[in-house]
Every structure is written in C-alpha cells, then in structure tokens.
Amino acid sequence: MSVVLEAKRKRRGWRVPWNVALGLGLAAIVLAAALLSSWIAPFDPTRMAVGPRLAGPSAKFLFGTDEFGRDLFSRVLTGARLSLGIGFCAVVSGLAVGGLVGLVAAFAGRLIEAVLLRVIDVLYSFPDTLIALALVAFLGPGIVNATIAIAISLVPFYARVAYGLAAAERAKPYIEAARLAGINSGRLVRVHVMPNIGQSLIVMATLGFSSAILSAAGLSFLGLGVQPPSPEWGAILASGRNYITKAPWILIFPGLAICLTVLSFNLIGDSLRDLADPRRKRTS
Amino acid sequence: MTAFLSVENLSVRFETKDGPFLAVDDVSLELARGEILALVGESGSGKSMTSLAMMRLLPETATATGDILIDGVDVLALGRRAMEDVRGARVGMIFQEPMTSLNPVLTIARQMTEGLVRHRRISRGEAAVRALATLTDVGIPEPDRVMRQYPHQLSGGMRQRVMIAAALTLDPGVLIADEPTTALDVTVQAQVLDLLVDLKNRLGSGILLITHDIGVVAETADRVAVMRAGRIVETGNVEAVLSAPQHPYTKGLLASHLTLDRVMTKRGSRPPRLTEKAGAV
Amino acid sequence: MIRLIAKRLTAAFATVLAVILLSGVLVHVVPGDPVTAMMAQSVTATPEAMDEMRSRLGLDLPVWMQVGRYALNALSGDLGTTIRGNEPVARLLLERLPNTFMLAVAGLGIALLLGIPLGFIAAVNRGTAADAAVMIVAVLGVSIPGFWLGLVLIQVFSLHLRWLPVAGTDFRNLILPAFTLGLTYCALVARMTRSALVEILAEDYIRTARARGLREHQVLIVHALRPALISIVTVVGLVFAYLMGGQVIVENVFSWNGIGRLAVQAMLQRDYPMIQGFIVIFATSVVVVSMSLDILYGILDPRMRQR
Numbered sequence: 000m001s002v003v004l005e006a007k008r009k010r011r012g013w014r015v016p017w018n019v020a021l022g023l024g025l026a027a028i029v030l031a032a033a034l035l036s037s038w039i040a041p042f043d044p045t046r047m048a049v050g051p052r053l054a055g056p057s058a059k060f061l062f063g064t065d066e067f068g069r070d071l072f073s074r075v076l077t078g079a080r081l082s083l084g085i086g087f088c089a090v091v092s093g094l095a096v097g098g099l100v101g102l103v104a105a106f107a108g109r110l111i112e113a114v115l116l117r118v119i120d121v122l123y124s125f126p127d128t129l130i131a132l133a134l135v136a137f138l139g140p141g142i143v144n145a146t147i148a149i150a151i152s153l154v155p156f157y158a159r160v161a162y163g164l165a166a167a168e169r170a171k172p173y174i175e176a177a178r179l180a181g182i183n184s185g186r187l188v189r190v191h192v193m194p195n196i197g198q199s200l201i202v203m204a205t206l207g208f209s210s211a212i213l214s215a216a217g218l219s220f221l222g223l224g225v226q227p228p229s230p231e232w233g234a235i236l237a238s239g240r241n242y243i244t245k246a247p248w249i250l251i252f253p254g255l256a257i258c259l260t261v262l263s264f265n266l267i268g269d270s271l272r273d274l275a276d277p278r279r280k281r282t283s
Numbered sequence: 000m001t002a003f004l005s006v007e008n009l010s011v012r013f014e015t016k017d018g019p020f021l022a023v024d025d026v027s028l029e030l031a032r033g034e035i036l037a038l039v040g041e042s043g044s045g046k047s048m049t050s051l052a053m054m055r056l057l058p059e060t061a062t063a064t065g066d067i068l069i070d071g072v073d074v075l076a077l078g079r080r081a082m083e084d085v086r087g088a089r090v091g092m093i094f095q096e097p098m099t100s101l102n103p104v105l106t107i108a109r110q111m112t113e114g115l116v117r118h119r120r121i122s123r124g125e126a127a128v129r130a131l132a133t134l135t136d137v138g139i140p141e142p143d144r145v146m147r148q149y150p151h152q153l154s155g156g157m158r159q160r161v162m163i164a165a166a167l168t169l170d171p172g173v174l175i176a177d178e179p180t181t182a183l184d185v186t187v188q189a190q191v192l193d194l195l196v197d198l199k200n201r202l203g204s205g206i207l208l209i210t211h212d213i214g215v216v217a218e219t220a221d222r223v224a225v226m227r228a229g230r231i232v233e234t235g236n237v238e239a240v241l242s243a244p245q246h247p248y249t250k251g252l253l254a255s256h257l258t259l260d261r262v263m264t265k266r267g268s269r270p271p272r273l274t275e276k277a278g279a280v
Numbered sequence: 000m001i002r003l004i005a006k007r008l009t010a011a012f013a014t015v016l017a018v019i020l021l022s023g024v025l026v027h028v029v030p031g032d033p034v035t036a037m038m039a040q041s042v043t044a045t046p047e048a049m050d051e052m053r054s055r056l057g058l059d060l061p062v063w064m065q066v067g068r069y070a071l072n073a074l075s076g077d078l079g080t081t082i083r084g085n086e087p088v089a090r091l092l093l094e095r096l097p098n099t100f101m102l103a104v105a106g107l108g109i110a111l112l113l114g115i116p117l118g119f120i121a122a123v124n125r126g127t128a129a130d131a132a133v134m135i136v137a138v139l140g141v142s143i144p145g146f147w148l149g150l151v152l153i154q155v156f157s158l159h160l161r162w163l164p165v166a167g168t169d170f171r172n173l174i175l176p177a178f179t180l181g182l183t184y185c186a187l188v189a190r191m192t193r194s195a196l197v198e199i200l201a202e203d204y205i206r207t208a209r210a211r212g213l214r215e216h217q218v219l220i221v222h223a224l225r226p227a228l229i230s231i232v233t234v235v236g237l238v239f240a241y242l243m244g245g246q247v248i249v250e251n252v253f254s255w256n257g258i259g260r261l262a263v264q265a266m267l268q269r270d271y272p273m274i275q276g277f278i279v280i281f282a283t284s285v286v287v288v289s290m291s292l293d294i295l296y297g298i299l300d301p302r303m304r305q306r
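Protein chains in written order, with numbering that gives the first Met the number 0: chain A, 0 to 283; chain B, 0 to 280; chain C, 0 to 306.
Which chain C residues face chain A? A few, computed with CB under 8 Å, are given here:
{"id": "1", "residue": "L139"}
{"id": "2", "residue": "V141"}
{"id": "3", "residue": "S142"}
{"id": "4", "residue": "P144"}
{"id": "5", "residue": "W147"}
{"id": "6", "residue": "Q154"}
{"id": "7", "residue": "G245"}
{"id": "8", "residue": "V247"}
{"id": "9", "residue": "I248"}
{"id": "10", "residue": "N251"}
{"id": "11", "residue": "V263"}
{"id": "12", "residue": "L267"}
{"id": "13", "residue": "I278"}
Where chain C lies over chain A, by a calculated footprint (3+ residues, C-beta under 8 Å):
{"id": "14", "region": "136-148"}
{"id": "15", "region": "210-220"}
{"id": "16", "region": "242-253"}
Honestly, the hints are just simulated from the structure, not real lab data. No residue lacks a Cβ here, since even glycine has one placed at the ideal position from N, Cα and C.
Same shape as in the complex, but just chain A (with noise of 0.2 Å):
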C-alpha cells in the first residue's frame, strides 16, 4: 500500500502547500482587482447618488450603496488600488532605507554598529503602526504622509533584518579573503555581499507588506490617513461608521477586504520565510 502511495506521489512531483496556493490566490484576485478596477468597476468610486442611499446589495449594486448612495462595489475595487499602492510604496522605500541602515551597522565599524543597533532595537521594541501614527501626527494627514510614515515605520524592522543577514555573510570565509585582497568595504558590499542577501531581504520584504496595509487602514480609519471621500478600506470604514445598524454591508465588504488581503500576504510571507530559513523549518 505505502508503495504504491509513493509512486503516486513521485509522479506529481513537488507539491505547493495549501496555506501557499491559498496565500498566491488571494493575492492575485486582489491585485486583478487593483490592477483592472478603472475597468471592472460599474460605477464611478466617488460618484454620489448612483441609485438609492444605503441599499442593500443587489444585482445592480453588488455590495450595496453607502451613506451617499456611492456603489459600495465600485469604492471597495478601487480602494484594492489605493491600499496595494500604499504598501508597496512603504515596503519599497522601507526596505531601501532599512536595508541601507542595515549594511551600514554590518560593514562601517563598531562604533556606528553599537550605535545603530541600539537605535534600531530600542525603535523595533515599538509597535509599527504606532511609529506609523506619530510620524504621520506630524506630518500632517493625507495618502502621501501616510505613505512616508509607513515606510519609515518599517524601517526598523528592515534594518534589523539586513543587519542580521549581512552579519551572517560577513563571518563567511570568502568576505575575509576579499578584505586581504584589499578591497574596500563599500565594493565589498555592493559585489559580494548584496548579491548573497537580496533574495532573503526580498522574502522579508513579503513579511513588511501585510503590517504596511494593516497600518495604512488604521491610519486613514483614525482620519490620518488617506481622506474621504478617496475609497480607502479604512476610510469607507470610518465614514460608514454611523450607518453600519442600518446598512451592515458597509461594514463587512471594506472589512473582509483588508483581512484577506493582508491575510494573502501573511500566508505568502510565513511559508516564504520558512523555505528561506532552514532551522525556523525544522521546529515548526
């Protein structure tokens, strides 16, 4: 019996794990949605009074209608757009930065090191959303102060990371060969040492993504971020606040929005994060 199970097994080759194929589904329905949805929306996201004020979800208007008669349909699509572009914003520029800080700390001596490592630690010891908040008090609310404050939110984790990977490869016999041959520590890490810890830094980049669209939906629900009337999850959310008793769908379409996205990515990062660290494998 055990035979022949393993034949089957051989044949289909290597298997995607379920939490994977779920994480990468997700995923890409809500980026189809972020990508097309000047295209799949029926109705213009903040035209108002399309049909009737908080009707419930139809064929016509598939989510419903909000507070001003907006197709729910329409604003929750178009809001994929704002929340993929904000956090992919922030992660991009958080990784940049943090990655930066982190090499920095690994490669430039150990003063700046013991200095730099302090700061990130004492900064990482707070919760990113709460940096996110401070920063964007302020900044000033609005979609491109949120998005800064949520990169530089990420910026110690990122940091913190590099700093882990780049401490890791500089042990590794071949830095110290390098540095014999009298190359300069600036060319030794664009050359040998990048090329080594980019592909973990962008596994790790996955892990900063779903925290960034956490982070921007509490912002613009708190009235700091993004603005009404722009269709971001937390905003519809915040602005819908009031009619939720009557109108309940207001409340659950922006919301399972922002769980399934952030939960695609939670998926796509924890598995990516096991393949990319063989001992957090073994435990777990």
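With chain A held as given, fit chains B and C onto it using these hints.
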C-alpha cells in the same frame, strides 16, 4: 538463571520517504537479575533503538514487532496507561547526556521523588526520605544539599549519578543504561562504571549496558551481544567473546580498539577507585 | 540577581531617555513651521498669537537648547502644556493612564488565557488536524484589523443582541474592547507557545520523564509546559507593547477614555506637546512593563537566579 527481561525476534521498522527501513532486524536476547549484559556496536547499529523499543519510547515513525517480556509482561501488547505503569517501576532507563536529561527548571528533589509518588502512591515527604537514601547509595556527598539544587548547579558526573539514583529509587528489576559514560570525562567514566557494577552486586538489578566502547564492555559486563546493522552477530560470555571472537566484525571491533592490551589483561588493572569529593567532578 | 536588576534598570532608563530626546527632536524635523501647522485649524491665528505661542513653546531658541530643555523638563515630570486649553500634558495623560492599563491588562489576560491553551493543543498534537486548525486561527488572528473586529463585536453584541453597552468606562464596557484586543493578540501568543513547546518536547529531559513512567499529562504539564511558560514570560513584554499599540485604535472604536483616545484627538488637532507627551508616557509604560517581566524571568528561571 531465569530471565527477567527477554526479547524475542524484535524488529523495529521506520517508514521513511525512501521506503521502509529496518533499524532492528530480528533481535533476541535475555537478561537476568544480577547480571550485566553489554550491547555493543557502532553508532547506527540499532542498539539504542532496541533499548527504546523495550521502553516503548520509539519515535512515532517507528513500529516494533516481536515479543518483549519484562517480568513476564508482554510490553508490546500493553495499552498506553499500562505501559506507563511498567516504565520506571519494573524497568528504569538512564541516558547518554546527563547535561540535558534532567529538567533544568525543576529541583533535584522533585525529579528524584516524582517516580515514587507516581508509582508507590506515597507522600512527597516519604518519597524524599527514600530519595535521600538512594542519593547516599550512589555516593553523592551532602545529599540533602543536592536535593535542593537545580541540575545546572551540578557537574556532569554528579548529574549522571543523580540520573542513576532517580532510576533506582523504584528498585526496577532491569536498568537500561544507554551510553551512560560517553559524555563524561575519563576519570568520571570509571567512577560511574564502578557504581553500576557495585549496584548490580548489592541490589541485584539486571543491567543492560549499551555502549560502543569495547573497553567499557571488558571492564563491567558479564555477557556481551555484538550488534551490527540491526542484527546481533555474536553473543556470549565476555571473556570468551573478547579473547576468541568468532565473527569477523567482532574481530574488527577489537582490532580497532586502541587499548587492546587492557582488554586482554582485563579486570584488576584499573587505577584504584577515587572517593568523590564535593564539587570535585 | 541584583546585577541583573541594575542592568535592566540602566537599559530601561537609557531607552526612556532616548525616546524623550527623539520626541523632542521630532517637532523640528517636520518640514515647515510647527506653529503654523498647529494653528492651521485655529480661528485665532493672528500673528501676535503665533508669536506668543512661539515663545511659550521656546521655539525662538536654538534647536539643541529646545530639545535639551524638553528633556530636562520631561525628566522632572513636566511635559509642557496643551495648545488648546493650556493644561498640563503630564496630568491629563496620567489621569487616563489607569484606564488604559486596565484595558491592556484585561486584553493581555484574555490573549494569554486563549493563546497558551491553543498553542499547547497545537504543539502536543503537532502535525494533526488540530494543529492545522490552531495555526489557521493564528494566521487569521494576525490578519484581522483590531478596529474592524471591534466594530463587528459592537454590531453583534451591543446593537444586535443588546447584551452589552456600546461605550463607557464601567466593568461591562470593558468586556468588548478587552475581547477585541484579546482575540487579536491571542494568535501571537498561541504561535509563541507552540514553538516554545515544540522545541521543549524534543528535549532529552522529556524522554527521561516518560522513562520514569509519569502519566502523559504529568509529562506535558509539569515537564514541558512549565519551562515553556517561563520562556514565554520573556516575550510577553513584546506582546504587551504591540497590544498597547493596537489599543490606541481600539480605544477610539469603543470611546474608551484612555491615553490612546486622548492621543488621537491630539493628533487630529495637531496638538504637538500632547503628542510628544503621549509618546513619552507610552514608551515609559512599555519599558517599565518589559523590564519588570525581564526581572520576573530572572526570578522564575533557576538558571538565571544564580547569577
């Protein structure tokens, strides 16, 4: 001598990705009270799996078939709870790594007495009296102080003595010692082996000594079974087997042992026994 | 032990000082004039009023002196006054701190009470359907935004079933926000418990305990769970920090009268001294809690106790 422990046609099989793997292949052996049987072989020969099968402590991916009788009870046929009654009470086991085999967050007293409380249903206080006596038996100085300590405060040799003492509190008919001295310093090794021989003589327990070290076999065991690739290739009296090995593998094992001369001259040539001082090991 | 406490105290003080300096600097790295930004929403933004505020906040001094003055004042307990009512920031925040702590502790309690058993079940039944189910709950938990969960709970339990009030600060009002936080963060606790236990269950001393013939539940609870709980103490500080962060938003959902609600109001009004004060008080609370847990760990773990 009637066998307290008898193993017949024991096989241990692992299901792996590359198909089934036989770690123990049709092994039979017997052990009476008051004797030391050494199970010797290189790592991966299946000697540890044999002993874990007797305790029913094999990894979940392994299945054991055959008959294992301990004090007349067929161990492999027991349910989980009945097996828990046998473990510790009729057969005790000590392991290779005294550093990691004691729970770091529990006191020695707790770990010495929990077996007694569990099997004999006596109070912690009564158990402590018995535990103290056993610690003294295995040559631990200041046993009442040691009882209050935690494992990290003891040396490797002391921890292995505590492990042995904890197994002995329940006076099991058989003690399985899986490489009990491998992780210890050479001088401490000799003391622990002496202790095992002494316990066998005084308490009359049977000891199944698992080792890869033919020198250890020569110094302590009465009988020896040589294992290779899951099978027992040669068995018999220690003197007989070591002086005139029949199987080529045993010959190879003996030839590769550096202290061959010591093996041949055997007992009595060891340095005199050291009395352990507090904190000396 | 005393050395451990001294070390932790020094580190905690250094962190708080760093946060005070950071929040003092924060006002000055913002592009543009802070007074203009703060007064933007005010109708009384005459040039005189703005000058008056500038000198009241000491903004006419060089930056390093301003930051230094802020730090010295903060260390002596003076966090400045609010822009709006000219009230002392420290007093306003400290008045509400007990409310925030009450909610945080209740939320943490629920997170631990749910998360530890879930992690235990997953670790003991590793690789089975139960394990998979717990891990699904865990990944869902970290994916649901707390403010949305809060809104859903209000909708179901307060408005639909009418079991609990929507807002306020008495005991019954504590239930929903505490569960919102507890449910959100129990996922984190479950994961940490599981991974700690999985590691411990592979330890040699678990095999020793089994070889002693202990009942399986004794092995799991006394020999595995106890050391796991001790190691979990070290990460509870982190969970607490994240929970306090999430609580800032949750307090606003439930109109809970804590420092998070005060902070968001200040943020919307751009009341800079209040926001700075909030950062300092928040950081101090988190640092004090995590330092206490570190010391507690030193007491609980016999390996640390000896040092």
